[in-house]
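Please build the complete structure, drawing on both the sequences and the hints.
Top to bottom, those sequences are chains A and L. Residue 73 in the UniProt record's numbering sits at position 73 of the first sequence, with consecutive numbering throughout. Residue 56 in the UniProt record's numbering sits at position 56 of the second sequence, with consecutive numbering throughout.
Calculated directly from the structure, the hints in this document are not laboratory data. Hints are supplied without guarantee of correctness; some may be wrong.
[Unchecked claim] Cβ pair distances, simulated, as ranges:
{"hint": "1", "chain 1": "L", "residue 1": "157", "chain 2": "A", "residue 2": "11", "range": "37 to 45 angstroms"}
{"hint": "2", "chain 1": "A", "residue 1": "47", "chain 2": "L", "residue 2": "129", "range": "25 to 33 angstroms"}
{"hint": "3", "chain 1": "L", "residue 1": "113", "chain 2": "A", "residue 2": "15", "range": "55 to 63 angstroms"}
{"hint": "4", "chain 1": "L", "residue 1": "28", "chain 2": "A", "residue 2": "64", "range": "23 to 31 angstroms"}
{"hint": "5", "chain 1": "L", "residue 1": "73", "chain 2": "A", "residue 2": "47", "range": "40 to 48 angstroms"}
{"hint": "6", "chain 1": "L", "residue 1": "39", "chain 2": "A", "residue 2": "47", "range": "24 to 32 angstroms"}
{"hint": "7", "chain 1": "A", "residue 1": "64", "chain 2": "L", "residue 2": "129", "range": "27 to 35 angstroms"}
{"hint": "8", "chain 1": "A", "residue 1": "4", "chain 2": "L", "residue 2": "101", "range": "53 to 61 angstroms"}
{"hint": "9", "chain 1": "L", "residue 1": "86", "chain 2": "A", "residue 2": "1", "range": "25 to 33 angstroms"}
{"hint": "10", "chain 1": "A", "residue 1": "64", "chain 2": "L", "residue 2": "86", "range": "23 to 31 angstroms"}
{"hint": "11", "chain 1": "A", "residue 1": "47", "chain 2": "L", "residue 2": "33", "range": "19 to 27 angstroms"}
{"hint": "12", "chain 1": "L", "residue 1": "117", "chain 2": "A", "residue 2": "10", "range": "44 to 52 angstroms"}
Built from N, CA and C at the ideal position, the CB exists for glycine as well.
Here is how the chains run, residue by residue.
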Amino acid sequence: MIWQLDLIILTMLVICAVGAITVRDLLSAALIFGAYSFLMCLLWAGMGGVDVAFTEATVGAGVSTILFIAAIYRTSRRSKD
Amino acid sequence: MKRLQEQARSGNLGEDLIIRTAVRIMVPFIQLFSLYVLAHGHYSPGGGFQGGVLLGASFLLMALAFDLKSSKELFPPKVIMASSNVGVLIFAGIGVVCALLGGYFMDYAAFAKVIPLAVPDWRSLGILLVEVGVQIGVACIMLVLYWELSSAGTLEEGL
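Pasting the structure below:
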């Protein structure tokens with residue numbers, strides 16, 4: 001894999017991971033998790049694991065984001081702490 | 001989200017023409033692609049689980065664009081719950097039938113004794129049959145999970 005691309009994706013992964021646990025807005029956190037899953041999908045596709053990347057793109061970025069939003073719909077949007 | 005929740009309470013959620021039209025155009029292509037992924041699961045990335053998730057995502061897209069009530073009219077909950085069980089039964093049943101015919105559990109070559117086809121053909125066809133069961137089960141479970149989460153387990157009112 002091209003190491004420059006690898007470095008960019010890994011840096012954005014760390015930014016997404018830190019952002020998802022620091023942001024107060026739960027809807028934003030769910031969407032940042034979607035972006036994190038998409039970056040992991042790119043990383044796995046680059047490594048040659050197309051099957052894993054496919055599963056990550058459908059389950060991680062697609063369905064689990066919708067399930068997170070459906071769960072947030074049942075609670076309050078801002079976290080209290 | 002606040003506005004969405006208020007709209008859901010007042011009952012006029014999903015009056016958006018653009019979203020509904022876009023979903024109507026996109027859903028057939030997603031479902032066709034999920035069948036393609038299922039049919040080519042033997043020798044290219046994909047298979048029963050990924051195809052099932054794609055099919056379930058197309059159901060979820062329709063459930064998101066419309067509200068829970070019209071989603072339940074489109075996919076009757078009894079049919080969805082039953083077919084999620086049918087998927088598991090197809091998956092396990094084919095394995096058990098293989099064992100009953102004298103092979104190992106999920107040894108598809110055992111089918112060659114009943115229906116005369118070459119053993120390699122049965123190994124290929126058996127995987128496809130099992131993956132059809134996986135696809136039906138996964139797609140229906142996805143929709144049930146979304147319904148249960150968005151309506152807090154009551155399946156009455158929700159997103």
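These are the hints, each one checked on the structure:
Restraint check, residue 157 of chain L to residue 11 of chain A: a C-beta distance of roughly 43 angstroms satisfies the suggested window 37 to 45 angstroms. The hinted range of 25 to 33 angstroms is satisfied by residue 47 of chain A and residue 129 of chain L, whose Cβ atoms lie roughly 32 angstroms apart. Taking the beta carbon of each, residue 113 of chain L and residue 15 of chain A are about 59 angstroms apart, inside 55 to 63 angstroms as hinted. Between residue 28 of chain L and residue 64 of chain A the beta carbon distance is about 24 angstroms. The supplied range of 23 to 31 angstroms therefore holds.
Remark: the range hint 40 to 48 angstroms for residue 73 of chain L to residue 47 of chain A is upheld by a beta-carbon distance near 44 angstroms. For the pair residue 39 of chain L and residue 47 of chain A, the supplied restraint of 24 to 32 angstroms holds, since their beta-carbon distance comes to about 26 angstroms. The supplied range of 27 to 35 angstroms is met by residue 64 of chain A and residue 129 of chain L, whose beta-carbon atoms lie about 29 angstroms from each other. At roughly 56 angstroms, the beta-carbon separation of residue 4 of chain A and residue 101 of chain L lies within the given 53 to 61 angstroms, and the hint holds.
Between residue 86 of chain L and residue 1 of chain A the beta carbon distance is about 42 angstroms. The supplied range of 25 to 33 angstroms is therefore violated. Checked against the hint of 23 to 31 angstroms, the C-beta distance between residue 64 of chain A and residue 86 of chain L comes to roughly 25 angstroms, which is consistent with it. The given range of 19 to 27 angstroms is respected by residue 47 of chain A and residue 33 of chain L, whose C-beta atoms sit roughly 24 angstroms from each other. Between residue 117 of chain L and residue 10 of chain A the Cβ separation comes to about 49 angstroms, which falls inside the hinted range of 44 to 52 angstroms.
Hint 9 alone, counting from the list given before, is not met by this structure.
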